[in-house]
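Engineer: Protein chains in written order, with numbering that gives the first Met the number 0: chain C, 0 to 169; chain Z, 0 to 277; chain L, 0 to 778.
If you are wondering where the hints come from, they were derived from the structure by calculation, not from laboratory data. Just so you know, not all the hints are guaranteed correct.
[Unchecked claim] Distance windows between CB atoms, simulated: (1) C/148 x L/510: 20 to 30 angstroms; (2) Z/51 x C/16: 26 to 36 angstroms; (3) Z/251 x L/124: 21 to 31 angstroms; (4) L/140 x Z/154: 43 to 53 angstroms.
[To be verified] Derived contacts from chain Z toward chain L, CB cut-off under 10 angstroms, selection only: (5) 27; (6) 28; (7) 186; (8) 254.
Keep in mind the model is a prediction, meaning the values are calculated, not measured. Note that CB positions come from ideal geometry on N, CA and C, so glycine has one too.
Chain by chain, the residues run as shown.
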Amino acid sequence: MKRYEDQVKLDLEINGEQHGVYVEPGDTLLHTLRVKLGMTGTKLGCENGDCGACTVLLDGKPVKACYTLAVDAEGRSVTTIEGLHDTTVQRAYASEYGFQCGYCTPGFVVNTYALLNEHPDPAPETTREWLESNLCRCTGYETIENAVRCAAKENTSVKGKKSREASEGD
Amino acid sequence: MIPFKVTYIRPESAQEAAEAFREISDSGRSPRFIAGGTEVVTKARDHALTADALIDLKHVPEARACERDATHTWFGAALTVNDVIETDPCPLLTETLRRIGDHTVRNSITLGGNIAGQLPYREAVLPFLLFDGRVEVAGPDGIRTVPLAELFDKRLRLGKGEYALRFRLPNAASQAPSFYRRRTRDSRIDYPLMTLCMAAFGGAVRFAVSGVLSYPVRDARAEEALNGSGQAAPDRVAAAVEKLPGRLHEDMRGSADYRRALLLAGLLDGLGELESKS
Amino acid sequence: MNRKSEVRQSNLGRSVARKDALDKVHGRTRFTDDHRLPGMLHAVLVTSSIAHGIITSIDVDEARKVPGVRGVFTGEDFPYLVGIYLGDKPPLARSRVRYFGEPVAAIVADDKRTADEAAALVKVTYDEQPAVRSPREALEPDAPILHPELDSYVRIPAILPEPGTNIGHRTKIRKGDADAAFAEADAVVEGSYSFPPGDHAAMEPRIAIAEIRADGQIVIRSSTQSPYGVRGIMSRCFGIPPGKITVAVDAIGGGFGGKAGVQLEPLAYLLSRELGGRPVQLANSREQDMVSSPGTPGMQSRVKLGARSDGTIVAAEIEFLYDSGGYADYAVNVARAGGYSCTGPYRIENVKADSLSVYTNHPFATAFRGFGHIEMTYCIERTMELLAEKIAMDPVELRRLNAIGPGDTTPSRNVLDPNTGDLPACIDKVAAALDWDAGNRHRVDEYRTRAKGISCFWKAPAIPTFTDAGALISFNEDGSVNLVTGAVEVGQGIYTGLAQVVAERLEMEPDDVHIVSEVMTDRSTHDWSTAASRTLFMCGRAAIGAVDDAVAQIKRVASAPLRCPEEDLRVAGGRVFLADDPDHGLPLAEVANGYVYPDGNAIGGPVIGRGKYIARHLSHLDPETGEGRPGLEWTIGAEGVELEVDRRDGSYSIIRSVCSMDVGKVVNPALARGQIVGAMGMGIGYTTREAFEFDSRERVVNNKLRDYKLLRYGEHPQYIVEFVETPQNDGPFGARGLGEQGIVGMPGALSAAFSRAVGTQLMELPITPERLWRAANEE
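Sequences are here, hints too, so could you generate the full structure?
Structural biologist: Here is the structure:
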């Protein structure tokens, strides 16, 4: 039975790297990422689980870092926006103007990334179910919808091409 | 961020959890069970909740498992709502769970947290009430299993140091014709004005509802009225709503009148659908 | 760099990729909270738990004892009054609190958690007073006077408070003879409307970091739309020379007016000053951002229109009561904007209007997208629907008939010039997109009804008469360009738009125009504010001026090695060359930072292009008649929606939302569409759900995003945007402002459609399913 009374050193796996960090047992993952580790890509929007600006992945699944305790990330793999480089999803958000002020964008991108990993070509209702977890105040969601569609299209065409190549090889 | 000093304890068995609770309270401090954190962490930030120690139930093996035998399925209370959905439980439970919080939150919020937390809606309990579910409670005196209806009166009535370990549904629930409707003030991501679960089960139409009263309810007299013979459906529905124990809720999300209208329409549609199926 | 000078595609009308795209999608853009300074302290506010009362005691002893707390301050520590137009607000409440959520104390500690912990230990007691719950209540003879000292407040001349009352400002419009025209009108309709205040809810809560260097230089980093505004107001309120204040802002996470003017900066400065100049970060929690910092104004209003039987509107009598809440902030000027635009884009010869900003015990109100025009338009467009109903005229036809155009006069009696947009064209495009002529209401089944609604809109920026912008251009060794302005990137994509303007003027590629993307008041160029949809217009004009200035310098230098008169030269495609013999020329790389002859001699030196702009012909409004020229340019358009309502429970879906706007010239279609679509989405939220809910003591009960609902993904309709391009000839390449306008017609269009669907005129916002259900079922 683990018990953390005071400051505790956690070994967290973040974006594939090990990070040793001292936290209080009541520190959220959001605070730990932003303040303790300087990973400021994850944004603070409401600290109440409502807006999704702080969305990160725990073992590949999106969670909101504002209500997730840092101690809960122990032994799990954390993915933040800093862990995504030039992904299909990011290219699509950029090319489709799927952002304006950019504050909600890391949360949307991370959530979309997880969505497309699980559902490479999501039905509109699936996209809605996932992305209604995040608030965007600028876009009216049209270009975000376009970005998801664009990324899914690229995903499936790349996968289709790969599988075609594979079958040609047989 | 929890703006006060707190101890975090991660028991790895049901017994350890109960012992941790007892030890903290024996030392004059206040322990609190936590699982997903969606409620505890946010309310603590608001100074709306305090605790000296948080006992995390997510690593208690029974609370993380889903076990199905020939007649029943047990769902661990510390499974996240999305975990439970992935086990492909009965359709009514799936539908109900898929509207709790939002998709991201459902990766954290747990079945037990939704049912035993402080928020009054506790929508996940509705299918368990409807299908005569049972709850397994762990605590200082070990583990006991009781019909949920016995323990649930507006909220889960747990003794000091007790917590819900698992919830059980009969597998037959999957075959029961069911009806689900949820209405909110406007946005889909919101607390319900009405979450209505109905099923034709055990030879009658049953219903359980949250949001309409200030607590979830399944009521025998209301169901009796709903199933009353010789009356037209609208009259039976009106009589059922009349029989609900307690005043209709009224708050910034909606008036009592509106909630009544939603419930009347919901029950009528549900009744029509279920009676046509059976 | 690109040297193509032959066939060049215009940079205008092209969806050029955003300059900020890659940083933003990688989470690399640095917002204010992402800046962490060494030794930075954190401030947390203690806010009022009541809406109105006298502070009887503040006990901070326990808070002070918390280890790590470096200071605890209350209103008595800071005897200042701050305000953008009317200095009526202490940084922390002194003796009286005027709204729920008003800051009463500030804790400064080593970290935020400590400050939070200490803030919870501050005990404030109040003698609670009855709250003023609406503008009408505030104007009752026996209403409590919320600002007895109104007379003594410092103000700018354009703002006209009425001491001894709760009126912070009144704009009067007296045009023609409304009384006589009403007497002769064939039809008169009148409506009263109301809606509560709400919040901007930008995703980034407001935040400021202040420090004072050893030499006295005050450096403030803030999420502000108005870095020069902050500097100016702080200089005025605290008597600090402006050169001793530097305000810095990189990107901000949405503003929508809520980060214009002055926000947390003065208090952050005062806290730093008390702590020896150490950096102090003052960041709003979401809850504080919603109620403690200013939000959007509520309104109560009355509109009367008189028309001839053919539908020609002959008279209007209007009363707008903007709910300014506890303090004036921008609301006084919002009321002024609502006054000078009071008729909407309709030709009305006789107008009598009073537009007031009224103090209440609500959270105070500031600029919000649409700036007075959204509230005004809602009331006018509702009344247009009443008129159409009364005279049994098609609502689209009624609007087309009365549409304002060149040669007509505004309420403040400006004659609209040929730069005025084409409203009939916009109306036609919206009607066509909605298939209006196929019918505007039909029953889908027993319960569901589909309905359409339309609204016109106009907006002119409510800016000072001397609103300005500057720009500086310099060149890199490869001939590419750097542009410095004072424009803040709030999400609108201004840096991309400006790069296109500069590239167009220099006939080069936007990729070769680098934008200095952080505004610092000591090294950027003076700029009024990134607000009022004027940034592309004014900074664009300044940038064009800077290009022209640079081009003249380039030609002067190049004329020597090219051995020709300057006037024979042309600059394009990264080269300077003979206009009549393009092969004879030099790359800018060899000229823009000085030309070096083969023998080593050099001439020229770095070219620095300077550009500026100041608003033209603007004048103050006459206090008695409203006559004057307040608006630089009017952006005009129409919007419409189609929706479906289920009468049984009032649930609805918005099927499509259309906007046609005369934007003068589309510089970047994707950016322009993004602004309009975003504004339409926000307008749907504004109309259907965004409003504060108050308890019986006027405390806001929905100060969280859990309870204050914004539009979410999947709730958005199909958006249709149709541009009309009647050039704004004094704008950059004919462009005019478009950032806010897409929200302005939404409440009117949605209300019209909802009203049509339920069969009764809805006179209040927000329009919730429950309201629709009630309206549909009341007999």
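Engineer: Any hints this thing doesn't respect? Which numbers, in order?
Structural biologist: The structure breaks hints 5, 6; every other hint is satisfied.
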